[in-house]
Amino acid sequence: MADIKIKDIKHLAKLANLSISIKETTKFQKQLSLIVSYVGELSKVDTSNTLPTSQTTGLKDIKRKDLVETKDSLSLEETFSGTESKHNNFFKVPAVFDN
Amino acid sequence: MELALTIEKLHKDLKEKRYSLIELLDSYFYRIDKHDKKINSFITVSRENAYLKAKQLQSSFKELGDEVFKKYPLFGVTVAYKDLFLTRGVRTTAGSKILRDFIPSYSSTVVKRLQEAGCLMIGKTNCDAWAHGASGENSDFGPVRNPWNQEYVPGGSSSGSAASIAANFTLISTGTDTGGSIRQPANLSGVVGFKPTYGAVSRYGVIAMASSLDSIGHFTRKSDDAKRIFEVTKGEDNKDSTVKNTDYLNFPKGKKVKIGLPKEYFIKGIEKQVSEEVKRCAKIFQDNGFEIKEVSLPHTKYAIYVYYIIQPAEVSSNLARYDGIRYGEKRDLFGEEAKRRIMLGTYVLSTGYYDAYYLKAMKVRTKIIEDFEKAFKEVDLLITPVSPTPAFKIGEKVDDPLKMYLADIFTVAANIAGIPGLAIPSGFTKNNLPLGFQLLGPRFSENILFETGSFFEKITDYKPKTVSF
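Chains as they are written, first to last, in the numbering used here: chain E, 458 to 556; chain A, 44 to 512.
By construction, these hints were calculated from the structure, which means they are not laboratory data. Worth double-checking, as some hints may not be accurate.
Listed next, the in silico SDA-like pairs over lysine to any residue satisfying Cα-Cα at most 20 angstroms (straight line) [unchecked claim]:
id, chain 1, residue 1, chain 2, residue 2
1, E, 501, A, 398
2, A, 322, A, 132
3, A, 296, A, 501
4, E, 528, A, 247
5, A, 436, A, 473
6, A, 373, E, 528
7, E, 501, A, 413
8, A, 417, E, 503
9, E, 517, A, 247
10, E, 543, A, 146
11, E, 528, A, 132
Quick look at which bits of chain A chain E covers, simulated, 3 or more residues with Cβ under 8 angstroms [what the hints assert, rightly or not]:
id, stretch
12, 276-290
13, 373-386
All C-beta atoms, glycine included, are put in the ideal place defined by N, C-alpha and C.
Make a model of the complete structure from these sequences and hints.
Here it is as structure tokens:
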């Protein structure tokens, strides 16, 4: 069984910016340990001479001209339509440097 | 009035003036209002949008006559969009509380293209939240029920889209397939489910699950309808750099088409009715001019491990954008499955674990791709089961995430390799639940899949059925 501890779960939740309850922490510790053990079976495959694949298209360096296509751009009104947290055409975000 | 079950019949009915587009919509919305409370396939029904469009199209029909079917190849085709597809001005939730009030300012490429081709949007279908699931039970808007037997799941994550076809709430529907989320619900709900080659259809404007695995496809009742829709949705749009216009493989002429049966897919643990049905269908091909050959895909059993490392890793990245700042609710509204996958993904990408898990998975991914490449040197297509079991009961697997993940064992390899697949319904179990099979082909072999599917439907005199409530 993969050795994932409660403190590891708390650490992962912090990394992923997720709030989890004590009950969830215990549940996830059990479930993630099981799942990670399971997928750890991959260690049995010999990949000593294998290159990794990150995507299957074989395409590289696809580019387009760096021009604004106005018909596809969102207006200011559309851009801010999803939130009340705005000021003078800026999104208001939680302070980054406060504790 | 009787609703047409295929695009061909719809266009015939419209040309013969059997009904107007308004009457067509009236029939669909009447059925949905009466029966969808039993199924829960829709999160949003877009009545206004549909009727407005129907009026415009009806005017064009009056003006242009039958020419209108050339101008709009999907004229009057009702479509239900999986709620991952952004639809401008129409709520899009991803099946999650986080986006419960989200109204997109733009539409996805696929939505734009289908609408421009003459489709009428019926609504947004229910799905496992963020496409995380294989049953439809992970939706924050309640589970979807299988129209054939409402105590059973329709499959997932494109649960509502599959169910809406079986229930005759729409003519076509769209879905996404990252680990089987079109093919599996198609199989469990008895409809045709199409997953294109990764890179054939633009993912722009579709809420991302795992960016190297997501495929944008659809549900219909026959293979040629799936082809007709693909003709509209495929190709470059300058917004998805993984899509490049390309030549598609042709159906082999003048020689026997070879279909492979991969031995690793017929293992213990697969329900007998399922494997017997696939073998029965393989025999039908064999008796009618195709060659059936046993092949081997040696890394098959590792596909599910590769998938449950790569997919959560990519999910953890794609769901980072939901911070409740520019749109949507805060992250504490993520459901349990989303949290589980985000954390699993974060773990396999974190320092100290990246090499053992994520990098290792990417290397085994290469091996799985090589397995298919070798097999496709011997055969043109593969025929396999889609799911180890037919539809299962609601509640049966929902408390055991690992058990639920194993529902994907036969579908994930196609996403890992980026190849296309077509799930075809072929019959029913002893207790009237759908059975079928899937055809898999090399990248860009869609035409071969569609033609083979159509051939099967013709030779078996397949007549689409929908549920009468």
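Quick rundown of the hints versus the structure:
With a C-alpha separation of about 14 angstroms, the suggested pairing of residue 501 of chain E with residue 398 of chain A holds against the 20 angstroms cut-off. Proximity of residue 322 of chain A to residue 132 of chain A is assessed by CA-CA distance (about 47 angstroms); at most 20 angstroms being required, the pair is judged violated. At roughly 18 angstroms between alpha-carbon atoms, residue 296 of chain A and residue 501 of chain A fall within 20 angstroms of each other, so this suggested pair holds. Distance hint between residue 528 of chain E and residue 247 of chain A is fulfilled; the C-alpha atoms sit about 16 angstroms from each other, no more than 20 angstroms.
Restraint check: the Cα-Cα separation between residue 436 of chain A and residue 473 of chain A comes to about 15 angstroms, which is no more than 20 angstroms; the hinted pair holds. As the CA atoms of residue 373 of chain A and residue 528 of chain E are separated by approximately 31 angstroms, the hinted pair breaks the 20 angstroms bound. With a CA separation close to 18 angstroms, the supplied pair residue 501 of chain E and residue 413 of chain A stays within the 20 angstroms bound. Of the supplied pair hints, the one linking residue 417 of chain A and residue 503 of chain E holds, its CA atoms being roughly 18 angstroms apart against a limit of 20 angstroms.
The straight-line distance between the Cα atoms of residue 517 of chain E and residue 247 of chain A is roughly 18 angstroms, inside the 20 angstroms bound, and the hint therefore holds. For the hint pairing residue 543 of chain E with residue 146 of chain A, the CA-to-CA distance comes to about 17 angstroms; that is within 20 angstroms, so the pair holds. Under the criterion of a C-alpha separation no larger than 20 angstroms, the hint pairing residue 528 of chain E with residue 132 of chain A is consistent with the structure, at around 17 angstroms. Check on the stretch 276-290 of chain A: 5 of its residues sit with their Cβ under 8 angstroms from a Cβ of chain E, so the three-residue criterion for coverage holds.
As drawn, the stretch 373-386 of chain A meets chain E at 8 residues by the rule of a beta-carbon pair under 8 angstroms; at three or more, the given contact holds.
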